[in-house]
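Work from the hints to combine the two standalone chains into their complex.
Here is how the chains run, residue by residue.
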Amino acid sequence: MTGTILVSGPHAHGAISVSRTMALVMLALLPATLFGVCIYGWPALNLFLVTVGSAIIAEAGCLKLAGKPVSPYLKDGSAALTGWLLAMTLPPWAPWWIGVTGSLIAIVIAKQVFGGIGQNLFNPAMVARVALLITFPLEMTTFVIPKPLLSSDAPGFLQGLAISFGSGFPVDAVSSASTLGHVKTEIGRHVPLDTALAPVFDKLTSFLGYMPGSLGETSALLIVLGGAYLLFRRIITWHIPVAMIVSLLGLATLFHWIGPETYPGPLVHLLSGATVLGAFFIATDLVTSPVTPRGQLLFGAGCGALVFVIRSWAGYPEGMAFAIMLMNALTPLIDHYLRPRVYGRDRKGEPLVYEQERESAQ
Amino acid sequence: MKLFKISGGVHPDDCKALTAKSAIETLPLPALLHIPLQQHIGSPAAPVVRRGDQVLKGQLLAHSQGMISAPVHAPTSGRVMGVGNYPAHHASGLSVRTITLKPDGKDTWVSSEAIPCDPFKLDPEEIATRVAAAGIVGMGGATFPSAVKLNLRTRYTLKTLVINGAECEPYLTCDDRLMQEHTAEVIDGIRIMAHALGVEKIIIGIENNKPDAQLAMETEALNYPEVSIARLPTRYPMGSEKHLVQTLTGLETPARGLTADIGVVVHNVATALAVHDALRHGRPLLSRVVTVSGGAVREPKNLRVLIGTPVDDLLSYCGGFTSTPARLISGGPMMGQILPSTRVPVVKGSNGVLALTGKEMASDTPMPCIRCASCVRACPCGLVPLEMANFARAGDLEGSVGFGLMDCIACGSCAYVCPSNIPLVQYFNYAKGELTARQRTEHKQLETKRLAELRSDRIEKQKQAKREALAKRKQAAKAQQQEAAEAEA
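These protein sequence lines map, in sequence, to chains W and C.
Those letters in the first sequence? Residues 1 to 362, per my numbering, in order.
Those letters in the second sequence? Residues 363 to 851, per my numbering, in order.
It is worth saying that the hints were derived from the structure and are not from the lab.
We put the beta carbon where it would ideally sit given N, CA and C, even for glycine.
Incorrect hints may have been included.
Below, simulated PhoX-like cross-link-like pairs (lysine-lysine); rule was C-alpha separation at most 25 Å, straight line [what the hints assert, rightly or not]: (1) Lys348(W) with Lys794(C); (2) Lys721(C) with Lys75(W); (3) Lys840(C) with Lys828(C); (4) Lys383(C) with Lys721(C); (5) Lys521(C) with Lys563(C); (6) Lys823(C) with Lys834(C); (7) Lys64(W) with Lys75(W); (8) Lys348(W) with Lys367(C); (9) Lys811(C) with Lys825(C).
So the derived list for chain W, only partly shown, Cβ under 8 Å to chain C, looks like this [stated by the list, open to error]: (10) His13; (11) Gly14; (12) Ile117; (13) Leu121; (14) Leu286; (15) Val287; (16) Val342; (17) Arg345.
Chain C with its partners taken away, still in its complex shape (with noise of 0.2 Å):
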């Protein structure tokens, strides 16, 4: 298979021999689990339970609202001990609304209701609706909800469905894993979203770390000629949805646009297997694989975890830590979040749990800038990371935004590479964020000041309208008095 070249990118140690040949364990049933409302991009699930209430396993606890949402289930069966507030997974460490169900230690499953068929019989838009139903979100981490994306054929004419197992986060070895040991059931996923978008062709892209993964895969497509696997050359940001893209079709994505602009949706590959088990056996998203590992860890391990499961139990489970880590982060670490605490439990979005070691992390003072040019070329959107920091430093977002600033994807790549240790990203984060805020103070004031003009127009509008009430009922007296004075006459 052709493939194309993408600009910039790094090569950190990958670090997946830590976890790679860990076959996935399941994670014994934790004894309380904390499910938010909210581990998708949109607007948070509406709780249809309350304290006390007992649930089933796969029923549902929260329904979404608006258009662009997803409804949460009960992983196990058990009662609900609350709806309240708790930390979030979230660097933030700010608190969300939460459900804490205490599982029971039957897991009894709710009698379905979605009577599992033939998902290739349905059609694409009952597909999207059960896939919608079953909670499911993009899985690499982004959260997105998966059945907006399978709806996207209503509005873009599609060509290609592209499999997102590039897995090019450092540590990370779920997707790596789901491929190896559930590759019939990750391709039928596949197949059946292919099937929803009505694509033709489908590219299964994964990285040359990979080749247990790659060649499982390459087996079972051979079933099934419309499937082909692409060897990607391994290099950070490969997963980024746009270079991943790029890399098999040779074309941008426009900017500010989405991959669908040209024919392309991408999936990632535990999503796949979330869709083949949400239509095949009518089971909403209840649990994820997540690679919990780093040199702090004792034992890293791939673990099938319940959603809501807290990251403390992940951790123990794994021989607690080794050494205090210097760092502990949800995701990879490229651009993965600091965690707060290990009391945060598991999300939807959640691949990685990593304990680091100082030693891992490498980080060092940061010493000034001295042009070196390394972020440029380091850069995969072809942005000028140096300029963009010290626009952003200088408080000049601007002259950021000339740079490329909202092109940025914050893959870190920039920051990996530099010899200053710059924390660029930080930089960029900071400026994305204070952007924000000005828009919406701007807007607001731009709101106040429409309302306040519409009011004094309001005010100006009663008083003419008093002042030639006024006039009229003077003309008609001034009338009234002529007719008199003509009638005496």
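Same shape as in the complex, but just chain W (with noise of 0.2 Å):
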């Protein structure tokens, strides 16, 4: 295989690289992450840059300490990615460095040192995100309630400044949980769930995402479309988004059933935190993902229920992360054991046999 001249077919390509596909998915995250930054002010637009640059300049790093060549892959695009999927599931109004440390362990720990793209066993920015939960429990849950750029109680270009850079969250007031960290909170308290919801959860503006949220996560109709753009240009495909947002729903449903009380509804699951992100941009991650269409269900499903269950019963309000990278190390397996049928054979891997060989056999 050393040879230069390929002996073999096709000496056609189709239209597509790994940069286009990449571009193709920023382009569909971009209506979401604009409005994070139009809701949450120069802040959010701060923190995003920072993020997206650092991942970048860590991927160029990367490369070179490889000694691979550092433009064709840079090119790809994959690293910005991977910083603009981080910065959406950040606070909006968090640190510089948390944005910075985020990038670091995405690309560095999570990407590179498994290989580079392609070789990642686990969602980069998903790694990064569940590192900095565990270790900035703090700054990684105080959301702000939505300041819209260039209104009159939003932060101007300096004083953002001053909050990404400077001495970091200005003032208590603006503060606020998100609608499942909250929930968390007040049923731990015995609260119950119709009082809990009623301050925080409106379906319209959680559909719309006018809300306390990640950067790029509240807004379930920007990334709905987005996502329906991807499956429109074929970078995604169906199977993971629908699979986890009906396991999800349908347990969600269930447990309201039997506890209306304690258990949010679906419509609560399905528009807070990061279900609708997850589903079209996160857990359908090429790379992290199985390949086959069967894989890709039950991949879906396993995802839909790990977040009901972390959600319901574990200690974290939000279970997006954790229940992804848990999928995730499932990857290999599900693609070991569940491969698409082969042409002219059964699902067991045996040649097809006709009716009416059969009988001719006996």
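Right, here's the structure in full:
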């Protein structure tokens, strides 16, 4: 295989490349990101730029250390996308070093140590998010009430710089818990679900995303639009998002029906936290999800179920990152066992036998 | 007509507009013809002419030998310049036994032995024999001797003859033009083959990107109720025999089996025309239609070319190159082979000569796999190409086989859609070749071991025989001594 001349076909190639794939994913993320930047203001933009920038720098450094060609690998856009996805899951007013630390963890530890693009077992953005959440629980769970860019009570540009790069979170008054965090705390205090939900959950607001939450996770509407675009461009298939949402909503509906006082209903699960972002953009990460349709269905269903389990019974209000990482670990196993049926063979891999032949064989 | 879905496949730009409207032109007689003795799957033909012999058009140059083989005939009259080695129409660039013929320009036919008659009054065996004698092989590119396939009726219960007019490879339009320009002859050839096979039903599959051919064939088929035309969706690899049959019947050919296992035999459009010529006019296979196309060719054309014509002649007839082609290919861009030079001759299986520009090939440096599963979705055989390539690259051929290596038809759909430009088919070909080599070595070792064991057995037996003979002699001597002693006493 050392020859430079390729002798095998095909001698044509579709207009497809890794950088195109990554660029389309970024394009799909753009509306939700812009929305996040708009409603959370300058600090969100600062955090976003710092996170993406440091991801790219970290990638370049690693490639140089590994002796790989820097420019072609950087141009594939995977590092920028990892940084982008990570930024979307961070609290919008988090200080700059959260973004930088996250990007370093994502690129250096979760991606390059495994061998670079395509080799990582776990979704780099989720590894970083989980590491940050465990290490810096305060910074990672302090959310702000939307302060739209250029509105009167929003921080100005300089103030934004101060929030991101200076003393950090300035005013306690603007901080708020996310819907899921609030519900978790209140239920922990034995407050009935209705009462707990009332101040923080409104269907329409949650759908549109004008609420406290991570930088790019809040607007279910815009994320679903982005996801639909990815489906349309055939970057992802429907299997993972649908399986994931169906399993999460199925479990949520079941338990809400059993214990309406303690278990939030399916809409809360769907429209709060990272459900939609996770289903369309994170669980569908090409590298870390199974490659066959059946495998993807199982993977998605597993993610959905784990999200529900973690949200309902574990210590964290949000379980998306954990759930996806746990299923990432199962991906090689799923790919090993759930293979497509080969043409001309049955599921066991034996050549097909038709009735007529069987009769004549007997 | 009800069609069934096949899984996978891709939609490459078909680029057929370059030649779809160009009527077939006959290439002028070339200065020299190089006719390889192996233009088919099976054993090479054995030459019956020698250097200096004067031959007539259609005269036998080499006869078939063995069960699976095909003869070759003189494409025109002239003098045999030699029987030697000449670069083959093959990516390897290796030489094969080839008869070189210098045309005398008269193009005189040999007097035909087989008297043309109504083929429908002939026995199926006789038709197969004549097809074999005419040197007809699968002209879609597979080059399997057609007569062998016509004889399948003896071993299988056949119901349907499927004619492959899908021509799913981009650029190629030779079958498209044949169906439009020789509609009646093609249909006649098809009906003769159906008669030979003893089947009642004939389906001609034509992709929807050839509406003119569909219409022409449909109009002609109106005269024959047993012939129907299927309008196939345009999707590569629709022309893969097994997938075409699945599209038409909904049945998958069992792994390692033939389409005959499900009662279907598939032949190509150009083969049908050759059968018509052989049976109606007693003419062996001497020429074929070749599409000369690609962005680097000045005037792309469809040409009727004598077997053995150097590819050079085809290209210069088409005005040569507009720019140095990035790749010269025999066949289509998806499964075609690289041609090492333009000296090589056209053979029975050459359906296209393509000179592609770098832009058309759109190949790029391979990057690591991102597991995007595009290849899994594109694979028409339900394989996991990315895993097969991973295992092949790591040298774990068994692992590669586990993900379906031996079921791969090398259609190239996976590599076509790979965003990382990984040469997947290259890996598979390497792995298949390596596996064959290993099996051969293993077989050789087993055989050596068996022979060695036989030898030691034989030697052991000889020793045993010697020992026994010695013992017998000793006994006999003892008995004699005893007798003598007794006698003395």
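Item to complete: Against the structure, test the hints numbered earlier, and report the numbers of the ones violated in rising order.
Response: 13
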